[in-house]
Every structure is written in structure tokens, then in C-alpha cells.
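There are 2 protein chains.
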Amino acid sequence: MSKLYSPFQGDNILQMYNKKDKISESYEKLIRTFHEIFLVTPYEKISIENIAKRAGMTRVNFYHYFVDKEDILYRTYIDFYRKMESESPTVDPKTLLANGRSLTYYALENTKANIQFYKMLFQNSIPASVTYRIIDFITEESYRTHEPLRKLYKEKFPPYQFVNQCLAGAFWNLIRNLVLSGTDFDSELVSDFFTKLSTQGLPSFLDVGSQKQN
Amino acid sequence: MSKLYSPFQGDNILQMYNKKDKISESYEKLIRTFHEIFLVTPYEKISIENIAKRAGMTRVNFYHYFVDKEDILYRTYIDFYRKMESESPTVDPKTLLANGRSLTYYALENTKANIQFYKMLFQNSIPASVTYRIIDFITEESYRTHEPLRKLYKEKFPPYQFVNQCLAGAFWNLIRNLVLSGTDFDSELVSDFFTKLSTQGLPSFLDVGSQKQN
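Chains A and B, in that order, are what the protein sequence lines are. The numbers in my numbering rise by one with no breaks, and the one at position 41 of the first sequence is 41. The numbers in my numbering rise by one with no breaks, and the one at position 190 of the second sequence is 190.
In case anyone wonders, no lab produced these hints; they're calculated from the structure.
The list cannot tell twin chains apart, which means a pair is met if one copy fits it or any two copies do.
As a list, the in silico SDA-like pairs of lysine to any residue whose alpha-carbon atoms are at most 25 angstroms apart:
1) 83 with 189
2) 45 with 68
3) 156 with 188
4) 156 with 104
5) 83 with 123
6) 156 with 187
7) 69 with 46
8) 45 with 71
9) 154 with 187
10) 119 with 157
11) 112 with 160
12) 112 with 133
13) 45 with 125
The task is simple: from the sequences and hints, build the whole structure.
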């Protein structure tokens, strides 16, 4: 007992916590700084030296938290995603809706609120590896939220993941075109379209299709 | 008349044709050479110098036909696509099927036949710009073949292109995962799945969905 509750031990734990806070503070400062630079600088012109310096740190500090420039870009995206998630209403596991709206709706609203970030994300010089890492993340998130549907899946091949891979790829290319077109869009209309296309399929958009269905 | 059919004029035309043949020959030789190198060399290690040299040409010759390394990669993909197209049966404009099979089936068979090319195409170092250019090409091809469906489209917003953008993104992410998983796949099963998902939607894969539909 004396060992567990020695002042030493307590100090160690306190030191650990302080260190953890500092880690998380530095991490977040680097993400914030990168984000600021990313919004206004062509990707190929951003240097790690520059990110670290502006955040009041060194290159060594940077590499303590991130593998490379692509890594901090990916993690900045994840930061956005998590913020969006925490600000959105809870998803009903049965309907997959949050406050009566699909997750696509919230993702589109998030895109609109951070349009400059997304524009830069679709720059020509972004390596495909970052893009694919983000798409894989969206695929996994999609797979996770589909749990109630997955239970009803009856096909032997292909595995259910293929559904989420298709949805993630479709969604990514859709927002890329939306963002790059520069036109304003109604998230409700677009998410309704996407949900219809990916759940009821194309015929529901066609006169023939709707006649057949009615 | 003498002007049009003078031996001079004839010579000029002949010279033009010879030049055109030579252009197309050099272009194809560069594509063929790039393809050979691409299959076995990490993308970032391929130099234009190397491509030109191996094709028996100079860097200047290369830039006569291609803008840069990304451009020749894109055009090599288009070459594959056109070959696949010319080898596939004609598409029925009403059903969008070729010999009873969807275009997805032929695209998947093409992927299998050129699996190493596709593996290299999904390398981490490929710039996103090439990937997006290919996806945009697939979107346009998809839009073109959808002409009979487009005529029946009744929505005001979003425009029909959104359908093809979603399909192209979904297809691209699907084949990426198929290729990178390294497992053999049945093109018929996968294309049936893709067609069902993108035309009838998810419910057709679920017990609940099929009960509702029956």
C-alpha cells in the first residue's frame, strides 16, 4: 500500500497527466496551425519546417506527433469529422437517421461550412494516398453505422464491406464535384438524392421506374 | 483542277499521311514503353528521360506527345479502356447490356486481365490528379451510355450527371479494394452486385427488403 500511495507515485501520475495534457495541447496546436496554412497555401508549398515554426515548435516536435505532411492532413480531416459527429444529433440505430436526417445530410452541411478546406482537399497535388486513407476511414465509419442492416445481409459474396466501399466512393466523388463546381447546394436535396440512389436505386428517379413501382 | 490534282499536292498529302503515321507510331511506342516500365517500377522512380531513352527517343520527343508523366499514365489508362471497348460486344442502347452483360462486367474482366497495371495504378505515390482525371473520364463515359435513361429523368435538381459521378466513384473504390485485396473474384457476381446496388438499391440485398419487394 505504501508503494501504491507513496507521494512519489502520486507525483509520477501527476507528471504523466501533465505530460499527456501537454501532448494533446501540442498536437492540437499543430493541427490548428496546419489547417490555417492549408487553407491559403498550395499543398506542395507547405513545409513541415513552416508548420512547426509557426506553431512555436521544432521539426523534431512535429515528428513526435505525425509521420509526415500527408499524415497531418489526414488527421486534420479526422478532426473535422469528429467535430461534426459530436455536433450532430445521435443516430437512431434502427433508421440510421439523426433527428430525422441521414448522415449524408450532416456531412454535406459540414462540407458547406468548411468549403475552403474541402476545395484545398481536392487540389491536384494532394497525393492519392491521403485521399484513399480518408475514403477508407469513411468506408469504416459507414460499415460501423450499418450494423443493423448488416445483420439482415443474406449474400455469401461479396461481403457487406463492398456496400460501404461503393457508398464511400460514390459520396467522395459527389462532394468533389459539388465543391469544385462552386455552386451553392441544398444539403437536404442532395442527401435525399444520394439516399434514394444508393438505397432504392436509379428507377425511382425515372418516369418508367416510378410507374413500375406505383 | 490542276491545282488540286497536281503531283505536288499529292506529294504533300502523302507526306502528311506519312507524318501522321509516324506521330501515331511514336505515340504508341511511348505508351507501350511506359506501360512496360510502369508495371515493375514504383511510380516516383520513373523518369521521362528513362521512358524516352528506352523508346529510342529524346525528352523533347516525349514532350511533343505528352504534357508530363501524369499525362502518359492517364493516356495509358485510356488506351486500355479503348481496347476493352473495341473487344467488348456492342452495347444495346435500350438495356445498356452488351451480349446480356453489363459494362461493369467487361470493366471487371479488363481489370483481372491487367491486374498488375491496376495494382500499380493504386500505388500511394500516384498523384490524386491522375486518379480524378480517370474518374472524370469514367463519369463521362457512364453519362454517354446512359442516354436512354437520361431522357426519362424527371428531377430538376440535382442534374443527371450526379448519378454518373456517384457510379464512377463507387466503381473506382470497389475495384481498388478488389485489386488491393489480392483475392480472385468472379466478375459476374461482382457486376451483378454492383448493378443491383446502384439500380435497385440496398433493400434488395436484405431479407426485409426482398420481403417488402415480393
